[in-house]
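K.L.:
The lines below spell out each chain.
Number of protein chains: 2
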Amino acid sequence: MNSASIKRRESRPVRVGPVTIGGGAPVSVQGMTKTHTEDVEATLQQIRELAEIGCEIIRCAVPNRRAGRALGRVVEGSPLPVIGDVHFDHELALMCIEQGVAGVRVNPGNMKDEDGLREVYRAAAERDIKVRIGLNSGSVKRRNGIEVADEVKDEDVADLMVSEALSACEIAESEGLRNIVLSLKASEVLPTIAAYRSAAEECDYPLHVGVTAAGPPESSTIKSCIGIGTLLAEGIGDTIRVSMTGPPHYEVRTGIKMLQALGLRGPEGPEIVSCPTCGRCEIDLRSVVQDVTDRLKDHSASVKVAIMGCVVNGPGEAADADVGIAGGKDSALLFRNGKKIRKVDASRLVDELVAEVEKYE
Amino acid sequence: MNSASIKRRESRPVRVGPVTIGGGAPVSVQGMTKTHTEDVEATLQQIRELAEIGCEIIRCAVPNRRAGRALGRVVEGSPLPVIGDVHFDHELALMCIEQGVAGVRVNPGNMKDEDGLREVYRAAAERDIKVRIGLNSGSVKRRNGIEVADEVKDEDVADLMVSEALSACEIAESEGLRNIVLSLKASEVLPTIAAYRSAAEECDYPLHVGVTAAGPPESSTIKSCIGIGTLLAEGIGDTIRVSMTGPPHYEVRTGIKMLQALGLRGPEGPEIVSCPTCGRCEIDLRSVVQDVTDRLKDHSASVKVAIMGCVVNGPGEAADADVGIAGGKDSALLFRNGKKIRKVDASRLVDELVAEVEKYE
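Chains as they are written, first to last, in this note's numbering: chain Z, 2 to 362; chain E, 2 to 362.
The hints are simulated quantities; they were obtained by calculation from the structure and are not laboratory data.
The list makes no distinction among identical chains, and a pair is therefore deemed to hold if it is satisfied within one copy or across any two copies.
30 Å max Cα-Cα, derived BS3-like pairs, lysine-lysine:
(1) Lys344 / Lys113
(2) Lys341 / Lys113
(3) Lys344 / Lys360
(4) Lys360 / Lys298
(5) Lys305 / Lys340
(6) Lys305 / Lys330
(7) Lys340 / Lys113
(8) Lys330 / Lys113
(9) Lys305 / Lys341
(10) Lys298 / Lys344
(11) Lys341 / Lys330
(12) Lys330 / Lys344
Please take these sequences and the hints and turn them into a complete structure.
P.N.:
Below, the structure is given as structure tokens:
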């Protein structure tokens with residue numbers, strides 16, 4: 002890997018409405034609504050909010066016919082391509098397709114009716130919509146609630162997921178479906194990484210990457226960033242979803258920031274680089290960072306702002322950024338475009354730094 | 002990579018007080034005090050708090066002689082091995098060594114006196130203490146405030162860091178020092194990953210891994226988990242520090258959770274696996290997760306608790322965990338050791354789940 006960019010795995014392009022997954026298209030960020038899908042207004046409101054912050058594809062649960070019937074109106078009002086998420090009942094997947102979704106997600110591991118599932122693949126192929134074949138670690142161990150692999154060892158979960166997923170894809174291809182996206186999520190980081198690495202080698206399907214049931218925001222951010230991040234850094238992953246027991250916009254924001262951290266998505270607004278502070282720091286850096294972040298939250302220009310507590314890495318990082326400060330005793334040095342421009346008093350620090358950033362439009 | 006465990010890179014063992022870095026020792030978590038080191042009581046208080054939550058090595062800034070003189074008392078009172086962090090002035094590093102530190106960290110890129118630095122290496126070798134040679138991306142571009150590599154392209158930063166670091170190690174070895182730990186932190190994720198990958202191949206020094214100046218907690222967690230996590234998942238990294246503009250215990254906790262997510266450190270207390278919720282969920286899962294987390298915060302047994310909103314992945318994940326629930330309409334199924342034990346009313350959910358977890362000591 003070159004340190005400035007990631008060489009991405011080659012995958013076949015699959016269209017999801019206006020978005021392409023795979024085939025060299027930018028890695029897209031997906032969200033999932035947490036409303037009841039049949040509450041069309043609440044669902045559309047949530048989709049609009051997620052679209053606003055940069056979400057590119059939305060998925061809605063379709064657990065029953067009521068949700069299935071409502072989906073048409075969601076599709077119609079949604080600014081984003083809509084994926085219907087279906088389990089157990091292939092009729093619901095057919096219903097989604099009739100309602101005009103851009104794609105459906107099925108987990109072949111819990112579809113009771115195999116012929117019915119083939120019908121879903123044929124219907125999707127006919128309408129040229131995509132199907133995500135999404136296995137979860139939970140479902141390779143049990144099918145329809147029955148333990149099928151009692152003795153599956155943890156280290157075999159990934160292999161089992163991949164082989165089951167590829168068999169499912171073979172069936173889908175035999176029904177004429179080409180628009181397949183694959184996902185292999187486990188609730189643990191290592192089997193997730195192992196499963197995607199192996200699938201990445203064994204097929205050319207674009208991969209939807211995520212860690213499932215990752216828990217509340219803090220632990221999900223850690224597990225998702227390690228799991229998804231490791232794969233993305235290796236060039237694996239065409240679309241991502243961060244899953245979190247928390248507000249849906251947290252999930253989308255974390256996904257976007259992850260792509261930005263890896264240079265897979267451009268910056269949006271200022272980026273703050275700041276030091277952890279230590280015994281060297283003579284200014285209240287944490288509150289400077291908080292104040293600057295608050296003051297710049299609606300600033301749209303992509304400016305790199307370094308807020309450094311001392312002269313050790315301060316001038317280096319500050320000079321590398323578009324605008325930066327390196328703290329001293331009761332004052333700080335202000336940098337712009339790599340050049341020291343002046344010394345500012347600690348009391349004027351936030352104002353002067355923000356003023357410099359605001360010169361970037 | 003086997004999905005159940007990481008094959009770690011081989012590195013030479015380096016002792017830091019009672020802790021070994023490298024040589025197959027468990028990956029250790031480091032913290033850094035954010036107090037003024039000369040405030041011995043405040044510094045020791047912070048060290049004790051970090052030790053309490055699982056920090057294994059502590060670093061203190063030594064920016065001046067006052068801090069250097071105080072370090073002896075910090076070393077004496079500290080429950081953790083203490084590393085003195087020194088920049089610019091080799092005399093301060095010698096002072097740290099005299100004060101009985103377990104190690105010093107120097108950045109050869111900002112040490113003005115090359116002969117002085119050699120003296121530090123010799124003194125460390127004599128006392129058998131470790132030296133971290135810690136380069137930062139900022140310092141390869143400028144030395145003592147002067148731009149030395151005006152035209153360094155982003156993609157060359159990693160290469161430059163590695164070659165400068167290895168030259169510095171050669172000098173240290175020529176002075177008889179063997180206890181060398183290397184770090185190559187950049188404030189961006191990709192050059193950080195690239196630099197460590199390349200160093201991992203080119204030497205056998207244990208690696209101290211981190212992303213520098215990673216910013217406030219949210220963005221630092223994302224950058225650190227991708228940067229450090231990717232390397233750890235590849236077996237690279239012998240000791241880690243998460244750097245955050247925020248409280249020091251956040252840094253340590255994130256580091257520990259990262260190791261746990263990768264199976265590199267055992268669990269401490271309950272682990273909550275919970276679903277993101279979607280249109281399928283009929284219970285207020287987010288508040289269940291919050292309540293259960295709060296109620297179990299002092300529980301010490303390592304129990305895996307799955308809190309799942311519905312029957313899709315619910316039974317699979319819940320059955321995989323030690324204790325779990327899969328939500329239904331106004332009620333949930335309770336699982337223990339993979340077996341469904343009973344249905345519980347939504348109003349009794351938290352109580353019954355916590356009671357089941359508390360059976361594990």
